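Peer 1: Going down the list, the protein sequences come from chains A and B. For the first sequence, the working numbering begins at 2 and goes up steadily by one. For the second sequence, the working numbering begins at 444 and goes up steadily by one.
Calculated from the structure, these hints are not laboratory results. It is possible that part of the hints are untrue.
[Claimed, not checked] Computed footprint of chain B on chain A, listed as stretches where at least three residues anywhere in the stretch have a Cβ under 8 Å from a Cβ of chain B:
1) 279-289
2) 314-320
[To be verified] Here are the simulated DSS-like cross-link-like pairs (lysine-lysine), alpha carbons at most 25 Å apart as the crow flies:
3) 177(A) with 264(A)
4) 75(A) with 551(B)
5) 484(B) with 613(B)
6) 209(A) with 107(A)
7) 75(A) with 664(B)
8) 95(A) with 75(A)
Just so you know, these numbers come straight off a predicted model, no measurement behind them. C-beta atoms are modelled at their ideal positions from N, C-alpha and C, and glycine is treated no differently.
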Amino acid sequence: MSPADTAKPAKAASKAASKSAPKKVAKAKSAVPKVKKTEPKAKKAVAKTRKAVAPQFKAGQSLDIDDHQITVGKSFSDNAKMTMRNIDVYYGDKQAIHNVSIDIAKNEVMAMIGPSGCGKSTFLRTLNRMNDTVEGCRVEGDICMDGENLYAPKLDVVELRARVGMVFQKPNPFPKSIYENVAYGPKIHGLADSRVDLDEIVENSLRKASLWEEVKERLHQPGTGLSGGQQQRLCIARAIAVSPEVILMDEPCSALDPIATAKIEELIEELSENFTIAIVTHSMQQAARVSHRTAYFHLGKLIEVNPTEQVFTMPEHQLTEAYITGRFG
Amino acid sequence: MAKMSFENHIMKQFDEELEEIRTRLMEMGGKVEQQLQNAVKAVTDADSKLAEEVISEDQSIDSMEVDIDEACILIIARRQPAASDLRLVMMVTKAVNDLERIGDEAKKIANHAIILAEQSGSAEGYTEVRHMGASVTRMLANALDAFARFDVDAAMRTLEEDKQIDLEYKTALRELVTYMMEDPRSISRVINVLWVIRSLERIGDHAKNLCEQIVFVVKGKDIRHQ
Numbered sequence: 002m003s004p005a006d007t008a009k010p011a012k013a014a015s016k017a018a019s020k021s022a023p024k025k026v027a028k029a030k031s032a033v034p035k036v037k038k039t040e041p042k043a044k045k046a047v048a049k050t051r052k053a054v055a056p057q058f059k060a061g062q063s064l065d066i067d068d069h070q071i072t073v074g075k076s077f078s079d080n081a082k083m084t085m086r087n088i089d090v091y092y093g094d095k096q097a098i099h100n101v102s103i104d105i106a107k108n109e110v111m112a113m114i115g116p117s118g119c120g121k122s123t124f125l126r127t128l129n130r131m132n133d134t135v136e137g138c139r140v141e142g143d144i145c146m147d148g149e150n151l152y153a154p155k156l157d158v159v160e161l162r163a164r165v166g167m168v169f170q171k172p173n174p175f176p177k178s179i180y181e182n183v184a185y186g187p188k189i190h191g192l193a194d195s196r197v198d199l200d201e202i203v204e205n206s207l208r209k210a211s212l213w214e215e216v217k218e219r220l221h222q223p224g225t226g227l228s229g230g231q232q233q234r235l236c237i238a239r240a241i242a243v244s245p246e247v248i249l250m251d252e253p254c255s256a257l258d259p260i261a262t263a264k265i266e267e268l269i270e271e272l273s274e275n276f277t278i279a280i281v282t283h284s285m286q287q288a289a290r291v292s293h294r295t296a297y298f299h300l301g302k303l304i305e306v307n308p309t310e311q312v313f314t315m316p317e318h319q320l321t322e323a324y325i326t327g328r329f330g
Numbered sequence: 444m445a446k447m448s449f450e451n452h453i454m455k456q457f458d459e460e461l462e463e464i465r466t467r468l469m470e471m472g473g474k475v476e477q478q479l480q481n482a483v484k485a486v487t488d489a490d491s492k493l494a495e496e497v498i499s500e501d502q503s504i505d506s507m508e509v510d511i512d513e514a515c516i517l518i519i520a521r522r523q524p525a526a527s528d529l530r531l532v533m534m535v536t537k538a539v540n541d542l543e544r545i546g547d548e549a550k551k552i553a554n555h556a557i558i559l560a561e562q563s564g565s566a567e568g569y570t571e572v573r574h575m576g577a578s579v580t581r582m583l584a585n586a587l588d589a590f591a592r593f594d595v596d597a598a599m600r601t602l603e604e605d606k607q608i609d610l611e612y613k614t615a616l617r618e619l620v621t622y623m624m625e626d627p628r629s630i631s632r633v634i635n636v637l638w639v640i641r642s643l644e645r646i647g648d649h650a651k652n653l654c655e656q657i658v659f660v661v662k663g664k665d666i667r668h669q
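Bound conformation, chain A alone:
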C-alpha cells in the first residue's frame, strides 16, 4: 500500500484547497450535536476498505444459515415441467432438506450447486423417488410432474423411473454388451415391437449420446470394456433409450477427464432440446457452462435460484457469492 499512501498527501492537499469553506462549516455544525457519532463513522470508513462489496446485497440477508427463511431469486417458472413445493426430507430424525420450493421448466438445464452435505443430491433423488430405497428416509411436500403427484400411492415407481431417468456419478454399465445395456430399458418397458425397432432405438440413443461412431463396430462387446467417458455416455444412452421426459444427473462428470467432461457437457446442451435436465455438480464452472438456471443449496436449504449468468456475475444472496467465489471456511 505504500505507494498509494504517498499519493495521498497530494490528494488531501487538493481536496482541502477546493472544498474549503462550505464543507467545513457543515462539518462544524454537525460536529456540535453529534460528537459521539464521529468515532463510529471513522471506524466505518476503515472497515469499508475491503468489505464494501457487501452493500450490494439486500438488507435482511445473513451469512448465518439459521437466519435463512426464504429462497431469493426466481424459483418458479411459468412453463414448469416439475414443481416442488415445501419439500422436507428426513433421514430418520435428521432433517436433510428444509422447506424447498422450486420449479424446473420444460427443456431447461437446472444446475444444483452447494457445498458437500448441503442436500443437493438428496433433493435430486426425491425427483424420481430414489430415496424410497433408503431406509428411514421420509419425504414431505408436493412433487409434481406435469401436475401429477409423484408420491401418489397409485403411482407406478418403475414407470416413473422410465419417465425420469438418472445418470450417476460413476459410470455403472450393466455387465453386458453395449447393445444390451441400451436395449435393456426399452425391452422391459415394452417400447420395441420388433428386433428392427430395438436396433433403431439403440442406434438413436447411442447417436444422441454421441457414442455411436465410437462403438458401432463393437456393439456386442461388453460395456465395461469402454473408457470411463465412453461408459458414462453409454449410461446416458441407456437413460435416454426409454424416452424419459426428465434426466437427473448426479455429478455425471466427476469421475471423468476434461475431454470426456467436455463431451458430456456438449451432450447436455444438445439433450436439453428434447429433455428437461436437472444436474448436480461440484464444479461451479460446469454449472456456469451448461445450465440455464442455477440453484444454490446450503445446509439443506435452498438459498437462491437465478438465471445462471446472473448467479455467476451478480448473485443475489451473499451466501451464494461466498460459495461461488470460494470464500467458505
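Based on these hints, arrange chain B on the given structure of chain A.
Peer 2: For chain B alone, kept in the frame of chain A given last:
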C-alpha cells in the same frame, strides 16, 4: 454455523493476488495523478524541464499498464473468478486502460508545454488551464479515493463533476476563440493552449469512466451511457 468472514477466500493466495492488482492499480493511479499535476504545472510555469520529465515518465505508466493487465489475465486463467471477484478483475483491466490514457493525455499536455515555453507571447488562456487543471486533478483524485474505499456514493458524486468540467471546457473554448478573432497573430499560440484544455477535458471523461467502473464492481450495475 458460525459467521464466516466474508473477505477470505479458502485460497489465501487468491486473496493476495486480488489485493495485489488493487494495490498496483492504486499505485498507477497515484503516478498518473502526479503526471497530470506536473504537466499542468509545466504549462502554467513554462517549465520545459518538468515537461520533459513528464514525457519520459510516461513510459513507466505504460509498463504498469502491461504488468497489471498480465496479472489480471493470470488471475482469470488460474482462478476463474466469479461474481464480485470477476467484476473486480474486469474493472481493473478497464481502469488500467483509462489510467494509461490519462497518462497519454498528460504527456500530450507536456508536449504542448514545451512548445508554449518556446513561443513567447501573452499568457492568454493560462487562467483557464490552471482552473481546469485544478478541477480535473481534483476529480481524478476523488475517483481514485472512491476506488480505494469502494465508495459508490463518492463515485456517483465524482461522476457529476465531469459535467462541470465539460462546461468549463466549453466556456474556455468560447473565450479563446473570441481572443483569436480579436488578435489573429496569437492563433498558433492559442491553439496550443486549446490542445491542452482539450486534453484536460478528455482526462475528465476518463475519470468519469473510473467512477462508472467502481459502481459496477460494487453494485454489479452497468451505468455507462445513461
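Peer 1: Please go over all the hints and tell whether each is borne out by the structure.
Peer 2: Here's how the hints hold up against the structure:
no.: 1; hint: 279-289; result: holds (count 3)
no.: 2; hint: 314-320; result: holds (count 4)
no.: 3; hint: 177(A) with 264(A); result: 24 Å, holds
no.: 4; hint: 75(A) with 551(B); result: 51 Å, violated
no.: 5; hint: 484(B) with 613(B); result: 22 Å, holds
no.: 6; hint: 209(A) with 107(A); result: 19 Å, holds
no.: 7; hint: 75(A) with 664(B); result: 19 Å, holds
no.: 8; hint: 95(A) with 75(A); result: 28 Å, violated
This entry does not satisfy hints 4, 8, going by the numbered hints stated previously.
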